[in-house]
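Asker: Protein chains in written order, with my numbering: chain A, 1 to 339; chain B, 340 to 670.
Since the hints were derived computationally from the structure, they do not count as laboratory data. This structure is a prediction, so every number in the text was calculated from the model and none was measured. Fair warning: there could be bad hints in the mix.
[What the hints assert, rightly or not] Counterexamples of contact, computed for chain B against chain A with all Cβ distances above 12 Å:
1) Leu-344
2) Ser-346
3) Phe-357
4) Gly-391
5) Asp-399
6) Leu-410
7) Ile-427
8) Arg-428
9) Asn-444
10) Arg-471
11) Gly-498
12) Asn-609
13) Ile-611
14) Thr-646
[Unchecked claim] In the EDC-like style, the derived pairs of lysine to aspartate or glutamate whose C-alpha atoms are separated by at most 16 Å in a straight line are:
15) Lys-362(B) to Glu-640(B)
16) Lys-103(A) to Glu-52(A)
17) Lys-535(B) to Asp-110(A)
18) Lys-535(B) to Glu-52(A)
19) Lys-69(A) to Asp-123(A)
20) Lys-641(B) to Glu-629(B)
Even glycine gets a Cβ: it sits at the ideal position worked out from N, Cα and C.
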Amino acid sequence: MTPMLEVEGLEQRFQLSKGLLDRITFKGGRPRLRNTIVHAVNGVSFAIAPREVLALVGESGCGKSTVAKTIARIYEPTGGRIRIEGEDVSAYGPRRMLPVRAKMQMIFQDPFASLNPRQKVRDIVAEPLLQQLGPSRRAEVRERTAALLSRVGLNPEQAGRYPHQFSGGQRQRIGIARALSVNPGLIIADEPVSALDVSIQAQILNLMLDLRDEFGLAYLFISHDLSVVHHIADRIGVMYLGFMVETAPRDRLFAMPRHPYTRALLSAAPTIEPQRKTVEMELTGEVPSALSLPSGCCFRTRCPFAWDRCAIERPALRDLGGGQSVACHLIDEPQRDRM
Amino acid sequence: MTAPLLSVRDLRTWFHTFAGTVKAVNGVSFDLMPGEVMGLVGESGGGKSVVGFSILGLIDPPGRIEGGQILFDGRDLAQLPEDALRRIRGREIGMVFQDPMTSLNPVQTIGRQMDEVLRLHTRLDARARRARCIEMLESVGISQAGDRLRAYPHQFSGGMRQRVVIAIAMLARPRLIIADEPTTALDVTIQSQILKLMRRQIAEEGASMILVTHDLAVVAEMVDKITVLYCGKVVETGPVREVIDTPAHPYTRGLIDSIPNPAHRLPRLNQIPGTVPDVRNLPAGCSFRERCPRAQALCAEKEPPLTPQRGGQHAACHFPVPATQTTGEPA
Numbered sequence: 001m002t003p004m005l006e007v008e009g010l011e012q013r014f015q016l017s018k019g020l021l022d023r024i025t026f027k028g029g030r031p032r033l034r035n036t037i038v039h040a041v042n043g044v045s046f047a048i049a050p051r052e053v054l055a056l057v058g059e060s061g062c063g064k065s066t067v068a069k070t071i072a073r074i075y076e077p078t079g080g081r082i083r084i085e086g087e088d089v090s091a092y093g094p095r096r097m098l099p100v101r102a103k104m105q106m107i108f109q110d111p112f113a114s115l116n117p118r119q120k121v122r123d124i125v126a127e128p129l130l131q132q133l134g135p136s137r138r139a140e141v142r143e144r145t146a147a148l149l150s151r152v153g154l155n156p157e158q159a160g161r162y163p164h165q166f167s168g169g170q171r172q173r174i175g176i177a178r179a180l181s182v183n184p185g186l187i188i189a190d191e192p193v194s195a196l197d198v199s200i201q202a203q204i205l206n207l208m209l210d211l212r213d214e215f216g217l218a219y220l221f222i223s224h225d226l227s228v229v230h231h232i233a234d235r236i237g238v239m240y241l242g243f244m245v246e247t248a249p250r251d252r253l254f255a256m257p258r259h260p261y262t263r264a265l266l267s268a269a270p271t272i273e274p275q276r277k278t279v280e281m282e283l284t285g286e287v288p289s290a291l292s293l294p295s296g297c298c299f300r301t302r303c304p305f306a307w308d309r310c311a312i313e314r315p316a317l318r319d320l321g322g323g324q325s326v327a328c329h330l331i332d333e334p335q336r337d338r339m
Numbered sequence: 340m341t342a343p344l345l346s347v348r349d350l351r352t353w354f355h356t357f358a359g360t361v362k363a364v365n366g367v368s369f370d371l372m373p374g375e376v377m378g379l380v381g382e383s384g385g386g387k388s389v390v391g392f393s394i395l396g397l398i399d400p401p402g403r404i405e406g407g408q409i410l411f412d413g414r415d416l417a418q419l420p421e422d423a424l425r426r427i428r429g430r431e432i433g434m435v436f437q438d439p440m441t442s443l444n445p446v447q448t449i450g451r452q453m454d455e456v457l458r459l460h461t462r463l464d465a466r467a468r469r470a471r472c473i474e475m476l477e478s479v480g481i482s483q484a485g486d487r488l489r490a491y492p493h494q495f496s497g498g499m500r501q502r503v504v505i506a507i508a509m510l511a512r513p514r515l516i517i518a519d520e521p522t523t524a525l526d527v528t529i530q531s532q533i534l535k536l537m538r539r540q541i542a543e544e545g546a547s548m549i550l551v552t553h554d555l556a557v558v559a560e561m562v563d564k565i566t567v568l569y570c571g572k573v574v575e576t577g578p579v580r581e582v583i584d585t586p587a588h589p590y591t592r593g594l595i596d597s598i599p600n601p602a603h604r605l606p607r608l609n610q611i612p613g614t615v616p617d618v619r620n621l622p623a624g625c626s627f628r629e630r631c632p633r634a635q636a637l638c639a640e641k642e643p644p645l646t647p648q649r650g651g652q653h654a655a656c657h658f659p660v661p662a663t664q665t666t667g668e669p670a
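With the hints as extra help, turn the sequences into a complete structure.
Answerer: Here is the structure:
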């Protein structure tokens with residue numbers, strides 16, 4: 001079966017300052033050019049099957065949102081391939097992307113910033129569909145808009161209102177209705193519940209899972225919250241400093257995390273049952289700058305197990321079976337793993 | 340039995356706006372013992388931050404403390420004039436806020452900001468003040484503290500800035516720390532470092548703390564006691580394990596069930612239906628009744644008082660959740 005989405009060796013770099021003058025610094029009386037390239041995503045590969053939920057987790061600056069935005073082609077990829085249902089769209093311009101956007105839609109984090117405050121809800125939800133169908137089918141679009149609003153739990157009679165008349169949770173429902181309007185197979189959701197209160201968060205997560213079953217959706221779900229990810233994802237990818245360090249099916253990742261960073265992340269995540277915690281591992285220090293990546297393994301500066309090999313050789317993602325892949329030299333030398 | 344360090348009695352803090360009076364805190368009472376850590380939890384609009392600000396005397400118009408007492412070590416903070424409060428803030432009550440960038444002055448060095456606290460609140464000379472600042476920075480895990488005193492806030496990362504804020508809060512050895520969402524802006528591995536640090540500092544100094552947060556999981560790992568607020572009122576309060584393991588109020592129960600729990604995953608989360616009502620226009624009786632699965636006719640007539648429950652906690656509910664329904668099973 002063709003995957004809904006396939007990403008191969010995705011790279012994304014950003015030049016921080018464009019001008020030459022901005023980059024000149026003086027060191028010891030000599031002019032030098034400062035390195036201002038942010039290595040946001042460094043060779044990330046994964047695939048999502050139809051109806052599958054893949055979650056990308058990691059801390060701020062790990063590149064998870066950049067991956068999402070690059071796939072949605074908000075950014076131009078610096079390198080690598082993006083295939084939507086087998087079609088390579090990595091080099092498509094805006095015009096050629098238009099039909100592809102009927103297969104792939106996005107839900108954003110901030111329900112206050114992602115809806116045009118001067119547009120009525122009806123027009124917000126209808127816009128992607130009008131782009132696809134053309135203005136001649138306005139009546140059909142209007143009917144579908146009303147159906148979608150009631151499906152996501154909003155009163156279609158309120159379609160003439162503006163976004164500010166709705167609460168955060170309701171606005172996120174509007175964003176979901178807009179994404180569903182073109183009947184996509186893939187929805188990219190970038191932290192869709194992190195701005196919401198827990199009771200509203202639960203409502204939106206339930207809605208997203210119901211819609212997955214009803215419309216046969218696949219999700220690329222970006223989140224920093226491991227308990228949310230555990231609830232919604234079939235498979236989880238853990239990112240650090242623009243690298244994928246581990247991927248595994250949800251239960252396997254939680255039961256036997258292999259990468260030291262995954263273990264630290266699971267151990268650090270607060271739970272309402274702290275007495276049940278199995279992994280105890282505390283990280284020291286902070287994430288290095290993506291302006292100058294460490295040599296070798298991206299995690300070695302904070303890894304309690306790191307040895308000389310980790311500074312020299314960058315570990316590749318290796319298949320351990322059972323759907324789990326890990327990028328860590330500990331796999332070769334398990335005797336160094338003291339936990 | 341020892342006397343409580345802080346005793347809040349029937350606190351009412353209202354905001355008089357053009358659109359009506361917002362009773363953000365409306366009759367909140369609780370006690371905090373010396374050395375005790377209490378979590379003040381609830382969703383947006385619950386009034387948890389306003390309780391913290393009221394204790395600190397930081398309520399500005401249109402807000403006003405309309406009534407009640409805030410007894411701190413025998414003095415009623417609600418009655419004290421501003422200059423007396425200023426001597427208490429920073430010295431006896433320390434503060435840690437959510438955003439470490441806005442709670443530090445961007446145009447002053449860390450050292451100057453730390454020194455100011457000691458100049459105002461202690462009689463130490465310059466040399467002793469500097470030594471105390473260095474000692475404090477080191478104890479929050481900032482290395483090369485002597486050099487770092489000359490640095491500005493923007494030269495620190497978010498996690499480091501929050502460490503500095505905690506160091507400043509602890510400088511004058513306060514007896515009470517009020518921390519309002521201290522780790523909400525931080526990443527999870529940094530959050531875990533900061534929480535461990537705060538717990539250690541509090542224990543070492545024998546101080547008490549009120550941790551204001553929306554995150555029940557953080558509370559579960561940090562506090563001795565929980566007070567849950569809903570629409571400006573205490574709906575449940577008690578020892579942390581009792582409240583989380585056998586919540587008596589349906590709102591607490593709903594909050595806990597809303598959090599996905601990796602230890603036992605359910606196909607659907609038990610969501611609380613509806614949204615928080617408009618606080619300017621609360622329903623009669625119990626504020627939660629319109630969202631409550633257990634509500635009956637009585638709930639619309641009479642507001643439930645806080646009453647003792649089996650687990651040792653208190654809850655304000657006419658029909659509390661029975662003990663047999665433990666967390667994680669469907670309601």
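Asker: Indicate, hint by hint, whether the structure satisfies it.
Answerer: Hint check:
Look at Leu-344(B): its CB is around 26 Å from the nearest CB on chain A, clear of 12 Å, so calling it non-interface holds up. Once the 12 Å rule is applied to beta carbons, Ser-346(B) is consistent with being away from chain A; the minimum gap is 28 Å. The claim that Phe-357(B) lies off the interface holds: its Cβ sits roughly 17 Å from the closest Cβ of chain A, which is beyond the 12 Å cut-off. For Gly-391(B), the condition that its CB be more than 12 Å from all CB atoms of chain A holds, with the nearest at approximately 18 Å.
A cut-off of 12 Å between C-beta atoms confirms that Asp-399(B) is not in contact with chain A; the least separation is 25 Å. The beta carbon of Leu-410(B) is kept farther than 12 Å from every beta carbon of chain A, the shortest such distance being approximately 32 Å. Distance to chain A confirms Ile-427(B) as a non-interface residue, since its nearest Cβ pair spans about 31 Å, more than 12 Å. The non-interface label for Arg-428(B) is consistent with chain A: the shortest C-beta to C-beta separation is roughly 29 Å, beyond 12 Å.
The beta carbon of Asn-444(B) sits about 23 Å from the closest Cβ of chain A, which is more than 12 Å, so the claim that it is off the interface holds. The claim that Arg-471(B) is not at the interface with chain A holds, since no C-beta of that chain comes within 12 Å of its own (minimum 25 Å). For Gly-498(B), the shortest C-beta to C-beta distance to chain A comes to about 6 Å, within the 12 Å cut-off, and the non-interface label is violated. Distance to chain A contradicts Asn-609(B) as a non-interface residue, since its nearest Cβ pair spans about 7 Å, not more than 12 Å.
For Ile-611(B), the requirement that its beta carbon stay farther than 12 Å from each beta carbon of chain A is not met, with the minimum near 4 Å. Every Cβ of chain A is farther than 12 Å from the Cβ of Thr-646(B); the closest lies at roughly 24 Å, confirming the non-interface assignment. Restraint check for Lys-362(B) and Glu-640(B): not satisfied, since their Cα atoms lie roughly 20 Å apart, outside the 16 Å limit. For the suggested pair Lys-103(A) and Glu-52(A), the alpha carbons sit about 15 Å apart, so the restraint of at most 16 Å is met.
Straight-line distance between C-alpha atoms of Lys-535(B) and Asp-110(A) comes to about 30 Å, which puts the hinted pair past the 16 Å bound. Taking the CA atoms of Lys-535(B) and Glu-52(A), the gap is near 37 Å; set against the 16 Å cutoff, the hint is violated. Taking the CA atoms of Lys-69(A) and Asp-123(A), the gap is near 24 Å; set against the 16 Å cutoff, the hint is violated. Distance hint between Lys-641(B) and Glu-629(B) is fulfilled; the C-alpha atoms sit about 14 Å from each other, no more than 16 Å.
Hints 11, 12, 13, 15, 17, 18, 19 from the earlier list are contradicted by this structure; the remaining hints agree with it.
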